[in-house]
Amino acid sequence: MSDGAHTSPHDRLVESLSGGLRPVRRLRAPSLRALAWCAAAMGLGLALLPFADLDALRIRMAIPDLRYAALGAVLTALTAALAAFQTSVPGRSPSWALLPLGPAALWIGASGMGCLRDWVAPGTERAEAGGCLVFLLAVSMPLSLGLVLMLRRACPLRPNLTAALAGLSAAAAAAALLVPFHPHDATASDLLLHLVVVGLVIVANGLAGGRLLARSA
Amino acid sequence: MTLDRSLSDAMAAAQAGDAQAYRRLLRACLPVVAGMARAQGVRPEAVDDVVQDVLLTIHRARATYDPARPFLPWLRAITQRRAIDGMRRAGRRPREVHDPIAYEARADDGPAPGQGLEARDRARILARAVAALPEGQRQAVEHLALRERSLDETAHLTGRSKGALKVNLHRALKALRRTLGSEPEAGGGSEAGPGRRDGGTRDV
Numbered sequence: 001m002s003d004g005a006h007t008s009p010h011d012r013l014v015e016s017l018s019g020g021l022r023p024v025r026r027l028r029a030p031s032l033r034a035l036a037w038c039a040a041a042m043g044l045g046l047a048l049l050p051f052a053d054l055d056a057l058r059i060r061m062a063i064p065d066l067r068y069a070a071l072g073a074v075l076t077a078l079t080a081a082l083a084a085f086q087t088s089v090p091g092r093s094p095s096w097a098l099l100p101l102g103p104a105a106l107w108i109g110a111s112g113m114g115c116l117r118d119w120v121a122p123g124t125e126r127a128e129a130g131g132c133l134v135f136l137l138a139v140s141m142p143l144s145l146g147l148v149l150m151l152r153r154a155c156p157l158r159p160n161l162t163a164a165l166a167g168l169s170a171a172a173a174a175a176a177l178l179v180p181f182h183p184h185d186a187t188a189s190d191l192l193l194h195l196v197v198v199g200l201v202i203v204a205n206g207l208a209g210g211r212l213l214a215r216s217a
Numbered sequence: 001m002t003l004d005r006s007l008s009d010a011m012a013a014a015q016a017g018d019a020q021a022y023r024r025l026l027r028a029c030l031p032v033v034a035g036m037a038r039a040q041g042v043r044p045e046a047v048d049d050v051v052q053d054v055l056l057t058i059h060r061a062r063a064t065y066d067p068a069r070p071f072l073p074w075l076r077a078i079t080q081r082r083a084i085d086g087m088r089r090a091g092r093r094p095r096e097v098h099d100p101i102a103y104e105a106r107a108d109d110g111p112a113p114g115q116g117l118e119a120r121d122r123a124r125i126l127a128r129a130v131a132a133l134p135e136g137q138r139q140a141v142e143h144l145a146l147r148e149r150s151l152d153e154t155a156h157l158t159g160r161s162k163g164a165l166k167v168n169l170h171r172a173l174k175a176l177r178r179t180l181g182s183e184p185e186a187g188g189g190s191e192a193g194p195g196r197r198d199g200g201t202r203d204v
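Line by line, the protein sequences give chains A and B.
For reference, each letter of the first sequence is one residue, going 1 to 217 in our numbering.
For reference, each letter of the second sequence is one residue, going 1 to 204 in our numbering.
Worth flagging that the hints you see were computed from the coordinates, not collected in a lab.
Even glycine gets a Cβ: it sits at the ideal position worked out from N, Cα and C.
Some hints could be false.
[As the list claims (entries may be wrong)] A few chain B residues facing chain A, derived, Cβ under 7 Å: (1) LEU30; (2) ALA34; (3) TRP74; (4) ALA77.
[As the list claims (entries may be wrong)] Have a look at the derived ranges for each label pair, beta carbon to beta carbon: (5) B:GLU118 x A:LEU101: 47 to 57 Å; (6) B:PRO73 x A:LEU149: 19 to 29 Å; (7) A:ARG26 x B:ARG5: 11 to 21 Å; (8) A:LEU35 x B:ARG5: 46 to 56 Å; (9) A:ARG22 x B:GLY116: 48 to 58 Å; (10) A:ALA208 x B:ASP85: 19 to 29 Å; (11) A:ARG67 x B:ARG5: 22 to 32 Å; (12) B:ARG60 x A:ALA47: 30 to 40 Å; (13) A:SER93 x B:GLU45: 24 to 34 Å.
[Said to hold, decoys possible] Non-contacting residues of chain A with respect to chain B, defined by C-beta distances greater than 12 Å in every case (computed): (14) VAL14; (15) PHE51; (16) ALA62; (17) VAL89; (18) PRO90; (19) LEU157; (20) VAL179; (21) GLY206.
Working from the sequences, and respecting the hints, build out all of it.
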């Protein structure tokens, strides 16, 4: 490396990077950023609350597996968001991705228990199921988008993993937000639909979000 | 001050806009990143590309560094990912697909597996052959050929004349050439020593 004339490519790059250096605002801790996103999702839930049937919600929450399914969805949304923000910062352990597995098992397991107990609930109609589907997709999309935009400010070195976690978080948050509006118990056909939509959101995030994040990394 | 502490301080200053500290940081990172990339298994000719990728990523991700945490793990995470990216790119690039025989027959640039052993064997055989030489010839070979001393120095050290040294060296080389040339047939026996073949190998 010559000190006077910057002849080597490394020297030239170092000069050009340090030449136009601007101060940057240090990114807040991943946990704080995850909390901020969860607060935004909660705000969306509160905004929707006036349209919910609170009496029916109270009755449904008295049933243990519906309660655990709702709790699992909330915890999955929280832990997956935290994991997504952690994995978006270089040097943080990728094992953070394991964090939402427990809550996700609770969420899916408790929903599954519901349909074992009541295989096909009488009165489940396609129109309602279709309504849930639209709700899940419509809520997941802005939540995912907001999350991916926030994650882009960091530097996700494993963009696909981070994007999949973001998808899981958004889908779980959408499922949690769906709880006050769900007109009936979880049933097999219902659960299957939910799973398909959740899978769809995660895969779509993994593909599209992964590319978006890869460009930022 | 440890390397990690000084790099961490420099990055904190760079986040605040100190270009001088940033330049110092990036320069200090160059050998560290190259070493990490090599340890990761990046081929020597690809290390420079990885280093450049890492510098660009450091620049883009500099807002994510938290000065309360150590710097080197942050840098290592970036380097490891960029090294893996580089190796994937290299793996995707087709190599000599038009000439499969050349591809199969391509020699590795690195040392051959038994090279160290062979060199040690050669050194051992040579040492044995030199030890078997008559005293004057042995001295001539050791000082003039192996230690690369001048004739004057050797004459001073051994107390022999320069002419005698030259003759001894000449005879010693002749004897060694004969001994080492016949080594495979000799079966490694040092009894076929150079000193007893003919009168021409006598010490002077």
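Evaluated hints:
1. For LEU30 (chain B), the interface hint holds, the least distance from its beta-carbon to any beta-carbon of chain A being 6 Å, beneath 7 Å.
2. Of the supplied interface hints, the one on ALA34 (chain B) is violated, with its beta-carbon coming no nearer than about 9 Å to a beta-carbon of chain A, more than 7 Å.
3. The criterion of a C-beta within 7 Å of any C-beta in chain A is met by TRP74 (chain B), whose closest approach is roughly 4 Å, and the hint holds.
4. Because the closest C-beta pair between ALA77 (chain B) and chain A is about 4 Å apart, less than 7 Å, the hint holds.
5. At roughly 54 Å, the beta-carbon separation of GLU118 (chain B) and LEU101 (chain A) lies within the given 47 to 57 Å, and the hint holds.
6. Range check, PRO73 (chain B) to LEU149 (chain A): about 27 Å between beta-carbon atoms, so the 19 to 29 Å window is met.
7. Separated by about 18 Å at the C-beta atoms, ARG26 (chain A) and ARG5 (chain B) satisfy the suggested range of 11 to 21 Å.
8. Taking the beta carbon of each, LEU35 (chain A) and ARG5 (chain B) are about 31 Å apart, not inside 46 to 56 Å as hinted.
9. In this structure the supplied range 48 to 58 Å holds for ARG22 (chain A) paired with GLY116 (chain B), their Cβ-Cβ distance being about 53 Å.
10. About 20 Å separates the C-beta atoms of ALA208 (chain A) and ASP85 (chain B), a value consistent with the hinted range of 19 to 29 Å.
11. Look at ARG67 (chain A) against ARG5 (chain B): about 51 Å separates their beta carbons, and that is not inside 22 to 32 Å.
12. Checked against the hint of 30 to 40 Å, the pair ARG60 (chain B) and ALA47 (chain A) passes, with Cβ atoms roughly 35 Å apart.
13. For SER93 (chain A) paired with GLU45 (chain B), a C-beta distance near 32 Å keeps the hint of 24 to 34 Å intact.
14. Residue placement check: VAL14 (chain A) does not keep its beta carbon more than 12 Å from all beta carbons of chain B (closest about 4 Å).
15. Separation of PHE51 (chain A) from chain B is adequate, the least Cβ-Cβ distance of about 39 Å exceeding the 12 Å criterion.
16. Every C-beta of chain B lies more than 12 Å from that of ALA62 (chain A), the closest at about 45 Å, which supports listing it as non-interface.
17. The beta carbon of VAL89 (chain A) is not kept farther than 12 Å from every beta carbon of chain B, the shortest such distance being approximately 5 Å.
18. Not every C-beta of chain B lies more than 12 Å from that of PRO90 (chain A), the closest at about 4 Å, which undercuts listing it as non-interface.
19. Distance check for LEU157 (chain A) against chain B: the nearest CB is about 4 Å away, which does not clear 12 Å, and the non-interface claim fails.
20. Taking the minimum C-beta to C-beta distance to chain B, about 35 Å, the non-interface status of VAL179 (chain A) holds against the 12 Å cut.
21. The beta carbon of GLY206 (chain A) sits about 18 Å from the closest Cβ of chain B, which is more than 12 Å, so the claim that it is off the interface holds.
Hint check: violations occur at hints 2, 8, 11, 14, 17, 18 and 19; the rest are consistent with the structure.
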